[in-house]
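Residue numbers (the numbering used here), protein chains in the order written: chain X, 1 to 372; chain A, 373 to 675.
Don't read these hints as lab results, they were simulated from the structure. By construction, the Cβ of each residue, glycine as well, lies at the ideal position given by its N, Cα and C atoms. Careful, some of the hints might be misleading.
What the hints assert, rightly or not - DSBU-like mimics (lysine-lysine), calculated; alpha carbons at most 35 Å apart, straight line:
#, chain 1, residue 1, chain 2, residue 2
1, A, 446, A, 550
2, A, 524, A, 582
3, X, 205, A, 553
4, X, 74, X, 45
5, A, 446, X, 203
6, X, 205, A, 387
7, X, 219, A, 458
8, A, 500, X, 205
9, A, 490, A, 450
10, A, 660, A, 543
11, X, 205, A, 379
12, A, 443, X, 205
13, A, 506, X, 220
14, A, 550, A, 458
15, A, 443, X, 220
16, X, 220, A, 553
17, X, 45, X, 140
18, X, 220, A, 450
19, X, 203, A, 500
20, X, 331, X, 45
21, A, 506, A, 550
22, A, 490, X, 205
23, A, 450, X, 203
24, A, 389, X, 205
Stated by the list, open to error - Derived list of chain A stretches under chain X, where covered just means 3 residues or more per stretch with a C-beta under 8 Å from a C-beta of chain X:
#, segment
25, 424–430
26, 449–461
Unchecked claim - Here are a few chain A residues that sit away from chain X, every Cβ distance over 12 Å (derived from the structure):
#, residue
27, 399
28, 487
29, 540
30, 606
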Amino acid sequence: MRTIRLLLEKEFRQIFRNKSILALILVMPTMQLIILPLAANYEVKNINLAVVDNDHSNSSAQMVNKIVASGYFKLCASPANFEQGMELIELDKADLILEIPAVFERNITREGSEKVFLAVNAINGVKAGLGGTYLSTIIKNYNQDILLKWAQASKIPAAPQINITASNWFNPSLNYNFFMVPGILAILVTMVGGFLTALNIVKEKELGTIEQINVTPIKKVHFILGKLIPFWILGNIVFTIGLLVSYFIYGIVPVGNLALMYAFVIAYLPAVLGFGLLVSTFCETQQQAMFIMFFFMMIFMLMGGLFTPIESMPKWAQIVAQFNPVTYLIKVMRMIVLKGSGFRDVLPHFFTIILFGVVLNILAILNYRKTS
Amino acid sequence: MFAVEAKELRKVYGKEKTVAVDAVSFSVKEGELFGLIGPDGAGKTSIFRMLTTLLLPDGGAASVAGLDIVKDYKEIRKRLGYMPGKFSLYADLTVEENLNFFATVFGTTIEENYHLIKDIYVQLAPFKNRRAGKLSGGMKQKLALCCALIHKPEVLFLDEPTTGVDPVSRKEFWEMLKRLKAQGISILVSTPYMDEAALCDKIALIQGGKILSIDTPNAIVEDFPNKLFALKGDSMYLLLQAANTSNFVEHAYAFGEYAHVILKDNISSEDLLLDYLSQEGFGALEMKQIVPSIEDCFIRLLR
Chain X
1 MRTIRLLLEK
11 EFRQIFRNKS
21 ILALILVMPT
31 MQLIILPLAA
41 NYEVKNINLA
51 VVDNDHSNSS
61 AQMVNKIVAS
71 GYFKLCASPA
81 NFEQGMELIE
91 LDKADLILEI
101 PAVFERNITR
111 EGSEKVFLAV
121 NAINGVKAGL
131 GGTYLSTIIK
141 NYNQDILLKW
151 AQASKIPAAP
161 QINITASNWF
171 NPSLNYNFFM
181 VPGILAILVT
191 MVGGFLTALN
201 IVKEKELGTI
211 EQINVTPIKK
221 VHFILGKLIP
231 FWILGNIVFT
241 IGLLVSYFIY
251 GIVPVGNLAL
261 MYAFVIAYLP
271 AVLGFGLLVS
281 TFCETQQQAM
291 FIMFFFMMIF
301 MLMGGLFTPI
311 ESMPKWAQIV
321 AQFNPVTYLI
331 KVMRMIVLKG
341 SGFRDVLPHF
351 FTIILFGVVL
361 NILAILNYRK
371 TS
Chain A
373 MFAVEAKELR
383 KVYGKEKTVA
393 VDAVSFSVKE
403 GELFGLIGPD
413 GAGKTSIFRM
423 LTTLLLPDGG
433 AASVAGLDIV
443 KDYKEIRKRL
453 GYMPGKFSLY
463 ADLTVEENLN
473 FFATVFGTTI
483 EENYHLIKDI
493 YVQLAPFKNR
503 RAGKLSGGMK
513 QKLALCCALI
523 HKPEVLFLDE
533 PTTGVDPVSR
543 KEFWEMLKRL
553 KAQGISILVS
563 TPYMDEAALC
573 DKIALIQGGK
583 ILSIDTPNAI
593 VEDFPNKLFA
603 LKGDSMYLLL
613 QAANTSNFVE
623 HAYAFGEYAH
633 VILKDNISSE
643 DLLLDYLSQE
653 GFGALEMKQI
663 VPSIEDCFIR
673 LLR
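Please build the complete structure, drawing on both the sequences and the hints.
Structure representation (structure tokens):
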């Protein structure tokens, strides 16, 4: 006990003396939480639209107005023909071309139907897909308006139709931040826990201080605990900062129990700390540790369901995601913050993450040798 | 009982089976200052790391303070003090914090063993609130010695403590070692500097992982079987070549401003060589018999 207290005292002294690391621990999560959700946003806005209006009628002008008024599109040009529009796409000045045929208004009024042509630049798949969908929806709505007008004018009862009303559960306003912020917070807690542990231990190896420790009676388990406990505490501090940032900046109030969230983070941290420890046992220099951690952090982030849902990944990727501890933290965070899940709902994840912690730490300790 | 005893100690590295330490045996008596003398890469650090329980030997056995280095490594760690060749204290902790840390680790306090480090620590005291990383080279080394001593070890291991230290500090350092020895601490020290060898009670000359000779510095010098001469003249390089190719010389090598010359056994007088050299056209020749130094013994053993 005395040894652990001494080691903790030493560790915290060193951490608090390293101003840049300390700033990184405190400022990094704040900055990232502020910046990342704003940038990692799936809502597509400002799609550049080129309209080739061959009709120049009231109806066509009305429709274009409606499209621009939606806020998703910016009318960037009105080329004379489709070829000119294509050129704009090639120059990347336009994302979408809407071609309105010359007989648009006439056909609508006379025949009650007309086709418009939509060409989408699909280099950016998300933008293309969403842009195309938005545009077709707006045109469909416009179509309905016309139909209604006609129906009223001719006093003919409107054709029967199904009205769909959707209500969004758990995130009624479809606020993207509510989804992203808990996920990013999970990543930050992982980074502080995993990265710093690995780097800290490897630093002792690199400087040779571990040699000096190894000739003392300090036990292997004491040394490891002396390294894990500080970063376990720091992980919780980062988590608290993150919660405060998400409350004050994004107004996110977890629906579920705050204590349950902390309990899960407390159970989760040993898994990433153990992972950091395991990495450190393989590395001789901080550079190696940095690169290995970076490699895994990328996988953790991309295959943990932060950006893309795990359910839509190919089978093999879903299996990989199951072996990714971050997956569980992201999932549980979202469950508690958005859905208000209770202890029973997250209990299986508790077991999984504790198992991760036990296995990773055992591997790390087996691999950590005091004498070679 | 010996403070340190190594028997046929062996260490092999890597896939190429590089033999770093080859059947090394020696023993250090209690209260003795024992020197491992040898050039870089001789295997000194490997021997130190095995004896300080940081490295497992591939063969042989050794004991420190009567304890086996493999079986009783835990107990040994309480009783030895180790100062590695590379500064390995916490650079971001202050002088006092480092010392306190190592004292507490061993379950003691600075006050309890202050008498051991007093002479050294008084020089460090003005900097006690300075971070260890910001100390000068000599001060770092003094702090490292304090930290290795603070728990009153029975055996002190100093791996090249004076490498990269200025001559004045080196001299001071060896005086400190003498005082520690007087307090009954057995010391094993390694150094590449031959002049420091004479300051040890006993030395082992080591090269390529093998011990060439173990004895007191005086005995090693006395064991030098040949007469040794120092030779000087103009154009030293050519002179050395001429001496080595002549029929009178066993071995001649550069040594400072002189060439040291060992004559062949059957050569009765150094004048034969001098005559020969002046016939060869060398001028300003000067030759005198000298007492061999440890370095001369080492060079002879290497041949």
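Evaluation of the provided hints:
1. For the hint pairing residue 446 of chain A with residue 550 of chain A, the CA-to-CA distance comes to about 28 Å; that is within 35 Å, so the pair holds.
2. For the hint linking residue 524 of chain A to residue 582 of chain A, the alpha-carbon distance of about 31 Å falls within 35 Å, and the restraint holds.
3. Restraint check for residue 205 of chain X and residue 553 of chain A: satisfied, since their Cα atoms lie roughly 32 Å apart, inside the 35 Å limit.
4. This hinted pair checks out: residue 74 of chain X and residue 45 of chain X have alpha carbons roughly 9 Å apart, not beyond 35 Å.
5. This hinted pair checks out: residue 446 of chain A and residue 203 of chain X have alpha carbons roughly 25 Å apart, not beyond 35 Å.
6. Simply put, residue 205 of chain X and residue 387 of chain A have alpha-carbon atoms about 23 Å apart, close enough for the 35 Å limit, and the pair holds.
7. A threshold of 35 Å between alpha carbons decides the hint, and for residue 219 of chain X with residue 458 of chain A the separation of about 23 Å falls inside it, so the pair holds.
8. Straight-line distance between C-alpha atoms of residue 500 of chain A and residue 205 of chain X comes to about 25 Å, which keeps the hinted pair within the 35 Å bound.
9. For a cut-off of 35 Å, the pair hint linking residue 490 of chain A to residue 450 of chain A stands: about 21 Å separates their Cα positions.
10. For a cut-off of 35 Å, the pair hint linking residue 660 of chain A to residue 543 of chain A stands: about 29 Å separates their Cα positions.
11. At roughly 30 Å between alpha-carbon atoms, residue 205 of chain X and residue 379 of chain A fall within 35 Å of each other, so this suggested pair holds.
12. Proximity of residue 443 of chain A to residue 205 of chain X is assessed by CA-CA distance (about 25 Å); at most 35 Å being required, the pair is judged to hold.
13. For the suggested pair residue 506 of chain A and residue 220 of chain X, the alpha carbons sit about 30 Å apart, so the restraint of at most 35 Å is met.
14. Taking the CA atoms of residue 550 of chain A and residue 458 of chain A, the gap is near 22 Å; set against the 35 Å cutoff, the hint holds.
15. A hinted pair counts as satisfied when its Cα atoms are at most 35 Å apart, and residue 443 of chain A with residue 220 of chain X qualifies at roughly 16 Å.
16. A threshold of 35 Å between alpha carbons decides the hint, and for residue 220 of chain X with residue 553 of chain A the separation of about 32 Å falls inside it, so the pair holds.
17. At most 35 Å may separate the alpha-carbon atoms for a hinted pair to count; residue 45 of chain X and residue 140 of chain X meet this at roughly 20 Å.
18. Our distance criterion of 35 Å between C-alpha atoms is met by residue 220 of chain X and residue 450 of chain A, whose separation comes to about 15 Å.
19. Pair hint residue 203 of chain X plus residue 500 of chain A holds up; C-alpha atoms about 24 Å apart against a cutoff of 35 Å.
20. In summary, the hint linking residue 331 of chain X to residue 45 of chain X is supported, as the alpha carbons are separated by about 28 Å, within the 35 Å threshold.
21. This hinted pair checks out: residue 506 of chain A and residue 550 of chain A have alpha carbons roughly 28 Å apart, not beyond 35 Å.
22. The straight-line distance between the Cα atoms of residue 490 of chain A and residue 205 of chain X is roughly 31 Å, inside the 35 Å bound, and the hint therefore holds.
23. The hinted pair formed by residue 450 of chain A and residue 203 of chain X meets the criterion: a straight-line CA distance of about 25 Å does not exceed 35 Å.
24. The hinted pair formed by residue 389 of chain A and residue 205 of chain X meets the criterion: a straight-line CA distance of about 24 Å does not exceed 35 Å.
25. Under the rule that three or more residues need a Cβ within less than 8 Å of chain X, the assignment of the segment 424–430 of chain A holds, with 5 such residues.
26. Interface restraint, the segment 449–461 of chain A with chain X: holds (9 residues with C-beta to C-beta distance below 8 Å; minimum three).
27. With a closest Cβ-Cβ approach of about 21 Å to chain X, residue 399 of chain A is found to remain outside the 12 Å limit, as its non-interface label requires.
28. Distance check for residue 487 of chain A against chain X: the nearest CB is about 21 Å away, which clears 12 Å, and the non-interface claim stands.
29. Distance check on residue 540 of chain A: its Cβ is at least 26 Å (rounded) from any Cβ of chain X, clearing the 12 Å threshold; non-interface status holds.
30. At roughly 49 Å, the least C-beta separation between residue 606 of chain A and chain X is larger than 12 Å, which holds for a residue marked as non-interface.
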